[in-house]
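Now that you have both chains on their own, put them together as the hints suggest.
Residue strings, one per chain:
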Amino acid sequence: MSGTFVGMPAFPRAAHEAVNNQTLRGNLRHATHTIRAKRANAVAEVSDWAELREAGKRIKDHTLRHLDRYLVQLEESVVAAGGTVHWAADADEANEIVTQLVKMTGESEVVKVKSMATQEIGLNEALEAAGIRAYETDLAELIVQLGKDRPSHILVPAIHRNRGEIRDIFEREMGEWGRPAPEGLTDTPAELAEAARLHLREKFLRAKVGVSGANFMVADTGTLVVVESEGNGRMCLTLPETLISVVGIEKIVPTWQDLEVFLQTLPRSSTAERMNPYTSTWTGTTDEDGPQNFHLVLLDNGRSDTLADEVGRQALRCIRCSACLNVCPVYERAGGHAYGSVYPGPIGAILSPQLRGTASEIDASLPYASSLCGACYEVCPVAIDIPEVLVHLRERVVQGGPVVREGNKVVLKPAKGHAAERAAMRAARWAFAHPGVLRTGQRAASRTRRLHPRTLPGPGKAWSGTRDLPAVPAEPFRDWWQRTNGGTSETGGSK
Amino acid sequence: MRVALFLTCVNDTLYPDTGRAVVKLLTRLGVDVDFPMSQTCCGQAHYNTGYRHEAEPLARHFSDVFRDYEAIVTPSGSCGAMVRELYPRMGERARAEGRGEGLATALAPVVPKTYELTEFLVDVLGVTDVGAYYPHTVTYHPTCHGLRGLGLGDRPRRLLQAVKGLELKELPGADECCGFGGTFALKNSDVSAAMGADKVRNAESTGAEVLCAADNSCLMHIGGTMGRLESDMRPVHIAEILASTEEEPAA
Ligand code: SF4
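Chain order of the listed sequences is A and B.
Letter 111 of the first sequence, counting from 1, is numbered 156 in this note's numbering, and no numbers are missing.
Letter 153 of the second sequence, counting from 1, is numbered 154 in this note's numbering, and no numbers are missing.
Isolated chain B, as found in the complex (with noise of 0.2 Å):
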């Protein structure tokens, strides 16, 4: 199976990482993986601030980039819905501002075959023990457009589970958000602030040494607040924690 690897503008710039362990991951799996190397950015920091007419070129580029692929993977819940969620409506938008199907019929073929990387790895591929090693206590925050822009449901967890020495603790408020939201972070720094610190404060009370999540944007706000309230604790992507093998142990 050739499937392509859409890593996400921030992943790519910021997290280099988490796409080595996506590739290094689906390899191992058997997994043909592709990174197109004109792929760019989904659009969804345009569209949600209100510039729709911006994103809308952004999500072309999108099509063109991925349409000939047999699947898109991206370890980014947001990024995912982005293209699952919001583009098909950006067609339906464009088409009742008389702006015609084009933009619906650019972005068709790419919507139903893209997946976040653990929807991916256990409908797809249809694993949840993806051989990993992982010794450390783990606390897992599902992240807003994962738990419910996409439905990701345990999904995520059972992966967490089958990974050998993994000790999952749960985290208690799971499904509230972190506070990142984007811009939201910007114009609204104070409520923002304290939602991520009581993000903290909660995973901490479970004990974990590492808190995952399945996107790097949510871990961004998340880590950067551990980072202002020194805490101990270490946000790490999902798809680190599953590359990592008893050969190659991730920190």
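Okay, chain A solo, but in the shape it has when bound (with noise of 0.2 Å):
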């Protein structure tokens, strides 16, 4: 994945700034209460709802079960169209054959719609180092862009802004990129928006090459799809010459009719509307409409190794609405950076650890950024169960086990730091296998209660620092029960 991310801290030091950036966390809690309430509305209007979030699910599952027979027969639907089809198993091989595209084309700048994929490879840092400029045209992207900032929401990259900062962004960094803020900018979404208009429509115009992903392609006809809101990116689709598509192998349905599910449940999950503004479509190359050469990159970059585990494969059939970084209440405050990932979020902490590994802290981190409270797997529209799916990968970081990695089957080690915990839960297990030993235990709690301290040692202490700990009773419930013969030699409580 993308080289900005490698090095980060776990994901509990990470979210420790963000919870306390005051700014952060009121543009995160306004922005995510405000779609997530409208969302809600926006599914609640529609009677079947349940019936084409089943549909969803059943027909990503049943195309991820024979992506290899899909795949080839998208490769020839596209070539049959006129386009040319390119294989990457990694992110520097993808990096590299887009890098020779346009090199090949004489062009020093592209265009770019708005895409998970490119970003996931780090492909603009890439072309940069190959003295290619990309120029970012989604709004929400170019604040990102041009604030130097990594994005961290699927959707909305720049929610963790507001717009007094975008305004400043704008003023002081349009320039350096082409053209500059217009005089005397407010912060008005408006004029915001106005200033980023001309700044693009100046790269629309001139631009030969453009990048992008798709949130679909169907593979009987060998079409690509993106659903977006401003318009931007169909001009990037529409008006440079050469297109280059990066997308995930796993973006595939099988066929045109798969895709009235999801233009019915992705607009309405993401940006509670009942259909996005703009679906463009685009299937190889056509005379003298559209781009005149059509290059197709199929990205694996840890997909078929996800595809391998049957628990967490689910992860795949994601359409990254972003519903569920929406409602999570661990991503309002922690804020999208902490997840070290493009895929910020409950998607985040099942994807990245998979599609990446366990091995760096950040990512062997991520299972436990989580309080399991279900609010994700409840608005998914392809009913992803991520907390089955982080309790899984939680097992994998403690316990390691079989996994495959680059295709070979390998068995993992457990990470690193959890031989105290281990010991503790199987410590813990034998206790309780033993209802005496349990017993023993309580009632030497219950007689030495009054010197139990009220802050904690240890890993402890991670909870006495903000909470109060419970006292101990002074007899636990058996005994209670055994003195009294199940309450009924004695009314009331025994204090």
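By construction, these hints were calculated from the structure, which means they are not laboratory data.
Glycine included, each C-beta is placed from N, C-alpha and C at the ideal position.
Check each hint, because a few of them may be wrong.
Unchecked claim - What follows is a list of derived Cβ distance ranges for each label pair:
no., chain 1, residue 1, chain 2, residue 2, range
1, B, 228, A, 447, 43 to 53 Å
2, A, 510, B, 101, 40 to 50 Å
3, A, 494, B, 252, 12 to 22 Å
4, B, 247, A, 75, 21 to 31 Å
5, A, 320, B, 252, 54 to 64 Å
Unchecked claim - Here are some, though not all, of the chain A residues that point toward chain B, as calculated from beta-carbon distances under 10 Å:
no., residue
6, 70
7, 78
8, 353
9, 355
10, 356
11, 383
12, 436
13, 440
14, 516
15, 523
As structure tokens, then:
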């Protein structure tokens, strides 16, 4: 994945700052709560939502089960329509392919449609290293790029910024990249949008190469689909002479008809709209209309490995609607950057450690970045049981076990730093398997209860730093039950 | 009807009052309650922290202890969800790992007859008015595993609304997690504490005296946060409210 995220600290440390940053928390709280309520309304309007959700899940599961077949069919369809297909096993390969394709056009700049896949592989940085400048044209992506920042949300990458901050970024940076911001720019949404429009228009009209991702790829026709709100993506898809689309292999659906389901569930889940404003589809090349050269780069980058895992593979159903981010209480407080990946929030917490493995500090900590409250599962339009996968990945972190890495079966060792926890869990299991031991422990705790500190040493400090401990009662329930013969020989409590 | 009380290890050790309240309430409603002394822990903390294999013997033990009862009642949404939702899954995983049907077969008899307390009252006993008296203002927090795991819906609120003297206040952001999440509270204590503080602030905005929930683990976290924030509110388990009567009122 992107080099920009290497060496991230573990989630709890990365979240620490965000939790204490009042501006950030305010921005996030406002944005997520607004969209949360709107989504709930948009979903409630659809009487067959449960069926649509089930249909989406089934289509994706079916496609994933026969991915090899559908990928071959897709390749044939794209080639038949005049496109070229390239296969990229990992980020480096994909970046190399795109860089070479751009170089062959003789150009040194490209315009980009917002794309998670190209962020995942760090394409902009790779192009820059080859002397090619990539311009993001999605408004929020533009704000992130101009601010020399990282995206913090799947759909609204600049969700962590407020209007005042955006105005300052535009004023400071636009001139660097092209047309400067108008004089006396204020922070009203209309003025900010107009500034971005003028700045971007120049780029659209000049660009010879466009780079995009895709929300879907239809296997039987070789058609790619992008859904968006602004229309900037459509400009990038239709104006340049060469179009290069970098797409994860899991984005396939078998037929056009399957789109029907997702074109209903995606906009309602993501922007709470009944239908998204722009749906662009492109199939190979067509004479004198749209790009004259079309290249599709099919990206694996850990997806086949993820597919090999029975529990974890459901993460590949994701249609990147971001509903799970918007309802997640942890995302709301920690912010998107703490997840150390272009995929933040609940989906990021299960996708990144699968695509990248659990070896790094940040990846080993992501499965724990959840209270398992289940809100993400409830809203997910393709019914990904995110809590189930989180627990599954926790097991991988603490216990190790068999996984597929780069196509090979390997057995992972447990991640470092869990030895004490593992010992405690085993001891607790042993005590719980012997009720008498539990009872002795309870009695000891009761007898020494006046001596118990209100703050704890060691790992317990994390608890008692912000919360009071409950007092240990004089008598555990089971002793009361036995003493009073199930409460029959005594009324009331026994304090 | 003879039911087994599965009190949970947390209640047994730290919140015996809740256990006594459940016994009092169910006895009042004509239920014959037993507390199998050999019960321990459902294994939820193990399972959710990634120690599924450590949780398996605890699940088997649970089944050994409880399999012969007509019904198993627990005053904990999360431990109830562990048995009902996750035990079947543990059986499936063991099967998928080529360890046969043993675990699934062992767990099958206890899964469908395990009920969270409010579910048992409303669905099995068919009562919403349990004859309780509790003259306080109360706001209700539906805990995540009760709400989304077990789908308790409005059962707890219906029970509370029927309590004499009780005034129920709507909790803003009720469906949002309080931030406990078992070991999450330790592993991500900053985020957990921020979630807990927001929960307490929302509860305080109702002006209620008492925050009530059907799970003492969440109440421990919320109550601990209230203590630290010097809030005047008190956390109370729903069983203690429902057990309270005019003759023997709870505090
Ligand atoms: S996991 Fe589900 S809710 Fe989250 S972004 Fe993907 S599709 Fe949307």
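Exercise for the section: Please verify that hint: residue 436/A, Cβ, nearest Cβ of chain B, below 10 Å or not. Expected result: holds, 6 Å
Handout entry: chain B contact restraint on residue 353/A - CB to CB distance below 10 Å
Key = violated, 14 Å
Exercise for the section: Look at the Cβ atoms of residue 247/B and residue 75/A and judge whether their distance stays inside 21 to 31 Å. Expected result: Given range 21 to 31 Å: violated, Cβ gap about 47 Å.
Handout entry: Evaluation of the interface hint that places residue 355/A against chain B, nearest CB under 10 Å
Key = holds, 6 Å
Problem - Hint status (Cβ of residue 356/A to nearest Cβ of chain B, threshold 10 Å) - result: holds, 8 Å
Handout entry: chain B contact restraint for residue 78/A - C-beta distance below 10 Å
Key = holds, 9 Å
Practice task
Kindly confirm whether 43 to 53 Å is satisfied by the beta carbon distance between residue 228/B and residue 447/A.
Solution key: Holds - the Cβ-Cβ distance for residue 228/B and residue 447/A, about 45 Å, lies within 43 to 53 Å.
Practice task
Let me know if the C-beta of residue 70/A comes in closer than 10 Å to any C-beta of chain B, holds or violated.
Solution key: holds, 8 Å
Handout entry: Cut-off 10 Å, beta-carbon criterion: hint that residue 523/A touches chain B
Key = holds, 6 Å
Practice task
Indicate whether the distance between the beta carbons of residue 320/A and residue 252/B respects the range 54 to 64 Å.
Solution key: holds, 56 Å
Problem - residue 383/A as an interface hint toward chain B, with CB separation required under 10 Å - result: holds, 9 Å
Practice task
Check the following: the C-beta atoms of residue 510/A and residue 101/B are separated by a distance inside 40 to 50 Å.
Solution key: holds, 46 Å
The structure fails hints 4, 8 (numbered hints given earlier, in ascending order).
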